[in-house]
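Asks: Make the full structure from the sequences, and use the hints.
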Amino acid sequence: MFSQETITGFINFLTEDLAVHLLPVMLFTFSIATILRLLVHYTVTRELWFAKEFYKRAHDLLEGKSSSQKNDSFYVAMKYILEKTYYELFVVRAYMKRRNPDYVMDFTDRVFLIQDGCARLVKESLRQVKHLRYNKERPRFIELTKNVFDNNICFKKIMGIIPVQATHDVLNVLPGIFIIGGIFGTFLGIMAALPELGNMRLEDVEGAKVIMDNFLKSIAFAMSTSIIGIIVSVCMTFLNTLFDPEKVFMKTVNKFENSMELLWDSCENNVLPKDIPEFNEHRDPLEALAEEAVDSQVNKHKVLTSEKDESAQDKNSKKEEAVKQEHDSPEAQQENNEDKDEVVEVVNEDDEVKKAS
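The sequence shown begins at 74 in this note's numbering and counts up by one.
Don't read these hints as lab results, they were simulated from the structure. A couple of the hints might just be wrong.
In silico EDC-like links for lysine to aspartate or glutamate, alpha-carbon gap of 16 Å or less [to be verified]:
| hint | residue 1 | residue 2 |
| --- | --- | --- |
| 1 | 229 | 319 |
| 2 | 203 | 351 |
| 3 | 230 | 242 |
| 4 | 125 | 156 |
| 5 | 203 | 334 |
| 6 | 229 | 197 |
| 7 | 129 | 330 |
| 8 | 203 | 348 |
| 9 | 324 | 223 |
| 10 | 282 | 269 |
| 11 | 203 | 145 |
| 12 | 209 | 341 |
| 13 | 196 | 223 |
| 14 | 328 | 133 |
| 15 | 125 | 161 |
| 16 | 129 | 334 |
| 17 | 324 | 216 |
| 18 | 320 | 242 |
| 19 | 219 | 319 |
| 20 | 219 | 197 |
| 21 | 196 | 351 |
| 22 | 129 | 161 |
| 23 | 230 | 319 |
| 24 | 328 | 216 |
| 25 | 203 | 341 |
| 26 | 328 | 126 |
| 27 | 347 | 145 |
| 28 | 219 | 334 |
| 29 | 229 | 189 |
| 30 | 129 | 156 |
| 31 | 229 | 242 |
| 32 | 125 | 334 |
| 33 | 230 | 182 |
Replies: This is the structure we're talking about:
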C-alpha cells in the first residue's frame, strides 16, 4: 500500500523535524491551555457572582418582612428581585459613575458578554417560573435552574465564540496527552541517535568516543522530553482541579435554587398580574428602581394601615367583651337586683303616703 520511500520519508520527518519541534509545541500548548482554563473559570464564576447577588437580595427582602407578612405572587417577587439585581449590578454602575470606577471589570464584562448573559438569565428565569402551579409541594427547582443556565448562550461560550463544555473536555484530557507526547519524544530522540552508532569504528578510538558522546547527548535530550511532559502534565492536572468549572456550576445552581425555594415558601400564590410589564434590559434603571421603591413604600403603608385598623378593631372588640362580662357577672346582677328592690321600696312608700293623705 505504501512504498518504502514513503515510509522512509515519514520516519525521517518524525526523527528530524518533529522531534526537534515537539518540546516547544508542548510548552506552547500548555500556555494556551492555561489561558483557556482561566477564561473558562472566569466565565463560570461570573454566573456564580450573579447568583450570589440574587441570593443576597432575596434574603434582604425576606428579612425586611415580618413572619405574618407574605408576598402575594411568586412571579412578582422573582421579577422584582431579578430586575433589582440586574439594574444595580450593571446599568446603575454605568449611570452613577462612581469615584473609583472599575474600568477593567467593565471591559471584561463587555468582552465576555456577562451583561447580556445576565439579561438572558433574568428573561429565562421569568419564562420558566411564569406557569408554575402553586400548591403545597415545591416544584423541582433544581431541574428548572439547570435548564435556565444550560439555555444561556452567552455563558456557554467564551466571548461568544469558544464553547465552554468542549474546551473543558479537551483540557481534561491534556495531562495524559502531555505524558504520551513526552514518551513519544523520547523514542523519536532515540531513533534519531541510533543510526550514528553505525559510523563508529573500533580501530578509531577517538572517533568512537566522539560518536558515543553525541549519542549520549541525544539520549539525554530525548529523556528531557519525557521529564518536561510529566511536569507539564502534573501542572495541568493541578490547574484542572483548582479551576474546575463543574464545581462552580453546581454552587451556582444550588445558590440560585435555594433563593427560589425561599421565595416560594414566602409567597401565597403564583398569580401573573395582567398589567405587569415584561423585563426590559434597556429600560432606564434609575426610573425602574425609583418606581419599585415607590411601590414598596406604598405596599408598606397599606400594610401598616391595615395593621392599625386590625389593632383598633381588636381593641374595640375587647372593650365590648369586657363590658359584657361586667354586665353578665354575678356581682353586677346582684347590684341590679338591689337597685330594683330599692326602687320597689320607694314606690311602696309613696303609695302608702298617698293612701294616708
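Asks: Give me the numbers of the hints this structure contradicts, sorted from smallest to largest.
Replies: none
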